[in-house]
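Participant: Here are the chains, one letter per residue:
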Amino acid sequence: MNRALVEMTLLVAILSSCLLLVVYARHRQASAQPDGGYPVIGERGVSVSTARAEAVRWLMTTNHREIGLLYIAFGTVAALWGGVDAMMMRTHLLTPAADIWTEQTYNELFTTHGLTMLIFFVAPVFFGIGNYFLPLLIGADDMAFPRLNAVGFWMLPPALVLSRLGILAEVTGKALSLIVPSEWISFLLALREPAIGWTLYPPLSSATQNPQINFLLLGLHLSGIATTIAAINFIVTIVYERADDVGWDDLDMFSWNMLVTSGIAMFAFPLLGSALLMLLFDRNFGTTFFATEGGSPILWQHLFWFWGHPEVYIIFLPAAGLLSHILPKFVGRRLFGFKFVVYSTFAIGVLSFGVWAHHMFTTGIDPRVRASFMATSVAIAVPSAIKVFNWITTIWNGNVKLAAPTILCVGGIGTFIYGGITGVFLAVIPVDILYHDTYYVVGHFHLILMGIIPLMMFAASYYWYPVLTGRMYDRRLAIFQSVLLVFGSALTFATLVVIGFLELPRRYATYPPEFVPLQVVATVGSYLIGLSVLLWLYNVLWSYFHGDPIENADPWDLKSTEQFTREWQWLEDKLERERGIEPVEPEEVRPSYVPPTEVEKTFSEQLLTVGRRVGNNAIVGAAGGLVGTLLMSGVLFAAVTLGVFDLASFADLAGLVGLPATVGLGYLIFLVGGMTVWPLLFLTLGEYLPGELNLVTGLGYATVISTGFAIAFYAGQIGLELVGYLVFTLVAHWAYGLGLAGTLEYLGVYRPPRRRSYERD
Amino acid sequence: MGNGAETPGDPTETSGSDVTGRRDASDEPRHDLGDHADHDEHEHRSRWPLVAAAGAGGLYAGFGVYLLGSVADVAPPAVGIGLAGVGAVVLLVGLAGWLEQAFLAPARAGTSHKSRESYVDTTVLFLATDVSTFGAVFVYYFFIRVGTWPPQELPPLLSSLVLVNTLVLLSSSVTLHYAHEALDHGRRRRFLGLLGTTLVLGVLFLGGQVYEYYEFVVREGFTLSSGVFGSAFFGLTGLHGFHVTLGVAAIAILCWRALRGDYGTERDTSVATVSLYWHFVDAVWLFLVLVLYGGAAV
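Each protein sequence line maps, in turn, to chains A and B. 168 is the number of the first residue of the first sequence in my numbering; add one for each residue after it. 36 is the number of the first residue of the second sequence in my numbering; add one for each residue after it.
Calculated from the structure, these hints are not laboratory results. Worth double-checking, as some hints may not be accurate.
What the hints assert, rightly or not - With a straight-line cut-off of 25 Å between C-alpha atoms, the simulated DMTMM-like cross-links for lysine to aspartate or glutamate are:
1. K149/B to D297/B
2. K341/A to D412/A
3. K149/B to E233/A
4. K741/A to E752/A
5. K506/A to D411/A
6. K741/A to E754/A
7. K149/B to D412/A
8. K568/A to E729/A
9. K149/B to D417/A
10. K149/B to E247/B
11. K568/A to D715/A
12. K149/B to D715/A
13. K741/A to E729/A
14. K149/B to D416/A
To be verified - Here are some, though not all, of the chain A residues that point toward chain B, as calculated from beta-carbon distances under 8 Å:
15. L329
16. T395
17. V406
18. P437
19. G462
20. T530
Note that the Cβ used here is the ideal one computed from N, Cα and C, for glycine as well.
Chain A extracted, bound-state conformation:
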């Protein structure tokens, strides 16, 4: 099968299906418009003049929201294109021999997949989301430089065309060769998709003849200029265009992350631009920038990864920002540790420029250099972990609502942890030497690139769908799609990690037959991802015409937790103006985790407060312990009569603490212990157990401590006696746990006030 024809056919098929779907959905649109009216007959058909007006509008717009949508549409097309590459690659790997496509084709596929996804998909989509929502979030009229913004966007389509001219020229050439002599179109047939790996390492990239590589380098350079322009624009917008009442301390999490991302991009992309041109000159004008006798191919690797590793964070940080922004809305709690998440973002921004050489551990660079880069690479896990812990703590005790964004956020945290931790191992030199250029690396970075970045794009598209369209998407389909996507990503890339553990090198079109089962699993997983992407496309396109119009500007019930942020206020104003929908107020408003206001107290007052608290807790705990221990004694008494529990153990207990070994004294110690140690431990640990201190936590706690009891009081029972002993121990402890927790609940115990505010929801 010809690769180019297959790929373009698939891509065109997907895009034209989308178009057909839109046309059909428009045609079928009999339901109410978002504004409550019905479409006029004339509006259904598309006249030439309206089409022309629309074209002019979209081509010449400098409105940040329209440019944002253009960015998102462009990024989606690029994602589908790179996605078709990926699907073809995974299909190729179904068989161990290169019998579906050739080795050359496989090499082309992984080259173009990487470049298309990293350069033309991720950053444009995030810049699109940023364009649309960032000015709304900070209360700006528009981006700081609206026209420059448009310039930056419109440079991307020619950049993509230049970068992927190989396949376009090949398909055009094939089509034309049917009607014109092939010597007329020799220049089209001279171009082939490059097969040099997305990292473009010389000497392969400088020695390979394929002239498409020149076009690729030029296209990438052009896209780099576009990215730099957009980055500068974002920074100036955030610094200078905030509304008067948006101070730095009110800046939302997404804007913080876009600020740092832009800062990194601003410094990383120009360097890549120079390096690309240097490579272009090496290829065509006989310079020696990356020649073995000149700057050496290692120089390319240094320059490339000095861009390449920050690029990882350029595309990760917006996703982290979206997660930090969206997750709190669906768990009804404000982001935990907001300040520290901001700090961690800056820490990542700085550290990201100091880790690049970990991509080069196996190139024979100075061991001292390697060691220092290993240290920084391991260190960058710390700010990432700070984010993860704060996200998890935000969910903790929250009022978690089931929705597609929730699934995507929680799934994203999970795959990010896995992708991040595999990365920490990879940063360690000996591990890296073992796993360098194996599927382990592929699995590791895809768990992040696929496991959190697109997930957050989808989450944002669902969360803000009402803002974008005035309608709600199909929520059941979205939940199914989200689960499928999370499952598919985990399945595919965890399998790749496993294949990597077995040390199969990456970038080979063939592999030993014993890897067939694992490769098939990974391919099936990737098809699930592909399917879920198509479901998302269907959902957002269809719902644009047929989704339920939103009834008010608060479809996510954000007002009830005081998280109704500016972009929703903007929607509320718009709905009121355009559709006359009055703002609604929820019946009940509760603050989403407001930290307790600290009243200044002297040390002695604080000591007194703590002392009183401990005293209260001790008394209540003792009462609960007494009830619990008495209940427990009853069960143990039954066990004694059945002969599965030996009373002599109590005597041993007394002996253990140095008292006369009598059963009575032993029981007394048991009772005192049950009233002091164990209730206090429960009260202390209770802070860290999920949920409130209630009967369920009591049962859980008792179950845990019963294991210790079972070992301590074991008196040599065997067989059925042992089973009986264990059962009675467990039941006795349950009785204790229920008695303890029940009494505490009945008497009431001191809890910090902040816990009360949200836990009884």
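On the provided structure of chain A, position chain B as indicated by the hints.
Facilitator: The following block gives chain B in isolation, referenced to the frame of chain A:
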């Protein structure tokens, strides 16, 4: 024609900027800021971005086609050069249209509501990206300086020409600085004179560069592809020369606008931004002379 696309009364733009209008906590009527912004800065249509981007695309594609012709020999290089030329012209037209529409027209009308500070800081950000652009080529030079050194093809670098050129560029920074001072003190004639001197000095520097290239390439046979040092020398001086060319063009625009009387003590934003750029290019040159000319000769 540039502003023709945006008639102030266009309903789409009014509603468009109204909906993005600033929101104040006090819920003030939004149009007090919005109205102000509506007609000068926030028209939501402009043809120039598309023109500029299309020009850039043409320039890059033309360069690619030229390489296709000259290296792979399947298309006449002239086609590529022609396409690149057309692209470059279209790009310049697009940039000019954008500059006029976004900055010059509002500045003339006195309706620009953006702070001078934001423009200056944007220039600083741009210069930071430029540090990175130069950085890659400097790193190459450092690599070969500590690596495959000395090269076969070292031309006589330190000559009176470099010294003169350096002095020319340095004094152009000084004249530009005092031109700006003169503008601040409202001394128009002095401002114009010093600005004109700066332009002349910039052109002189470029002339010196061209002369040096001529000496090296024709007389000494030292070219871009002569070896490891040729790449560094022409890479760095070429990149720097490109920046000086842009700077000279910017100063020429300053002169043109100054003659039209666009500047005053309070209206000096573009003088400030171009000065920053020019001083930066000057600083890069000093570093370059020190490291590349001096460092190679040592």
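Participant: Each hint: holds or not?
Facilitator: Hints, verified against the model:
As the CA atoms of K149/B and D297/B are separated by approximately 17 Å, the hinted pair is consistent with the 25 Å bound. Of the supplied pair hints, the one linking K341/A and D412/A is violated, its CA atoms being roughly 60 Å apart against a limit of 25 Å. Restraint check for K149/B and E233/A: the C-alpha separation of about 22 Å stays at or below 25 Å, so the hint holds. The straight-line distance between the Cα atoms of K741/A and E752/A is roughly 17 Å, inside the 25 Å bound, and the hint therefore holds.
In summary, the hint linking K506/A to D411/A is supported, as the alpha carbons are separated by about 21 Å, within the 25 Å threshold. Between K741/A and E754/A the CA atoms are separated by roughly 23 Å; this keeps the pair inside 25 Å, and the hint holds. Of the pairs offered as hints, the one joining K149/B and D412/A holds, with about 18 Å between alpha carbons and a cut-off of 25 Å not exceeded. Taken as a hint, the K568/A and E729/A pair is honoured in the structure, with Cα atoms around 16 Å apart against an allowance of 25 Å.
Using a Cα cut-off of 25 Å, the hinted pair K149/B and D417/A holds, with the two alpha carbons roughly 22 Å apart. Proposed proximity of K149/B and E247/B is contradicted: the alpha carbons are some 43 Å apart, above 25 Å. Using a Cα cut-off of 25 Å, the hinted pair K568/A and D715/A holds, with the two alpha carbons roughly 20 Å apart. Among the hinted pairs, K149/B with D715/A is inconsistent with the structure: their alpha-carbon atoms are about 41 Å apart, more than 25 Å.
Only pairs whose Cα atoms come within 25 Å are accepted, and K741/A paired with E729/A is accepted, the gap being roughly 20 Å. Under the criterion of a C-alpha separation no larger than 25 Å, the hint pairing K149/B with D416/A is consistent with the structure, at around 23 Å. Because the closest C-beta pair between L329/A and chain B is about 6 Å apart, less than 8 Å, the hint holds. Among the interface hints, the one on T395/A holds; its C-beta lies about 5 Å from the nearest C-beta in chain B, closer than the 8 Å criterion.
Hint on V406/A holds. Least Cβ distance to chain B is approximately 7 Å, under the 8 Å limit. Satisfaction of the interface hint for P437/A is found here, the shortest Cβ-Cβ separation to chain B being roughly 4 Å, below the 8 Å cut-off. A distance limit of 8 Å between C-beta atoms decides the matter here; for G462/A the minimum to chain B is near 5 Å, and the interface restraint holds. Given the 8 Å rule on beta carbons, the hint for T530/A is violated: about 14 Å separates it from the nearest Cβ of chain B.
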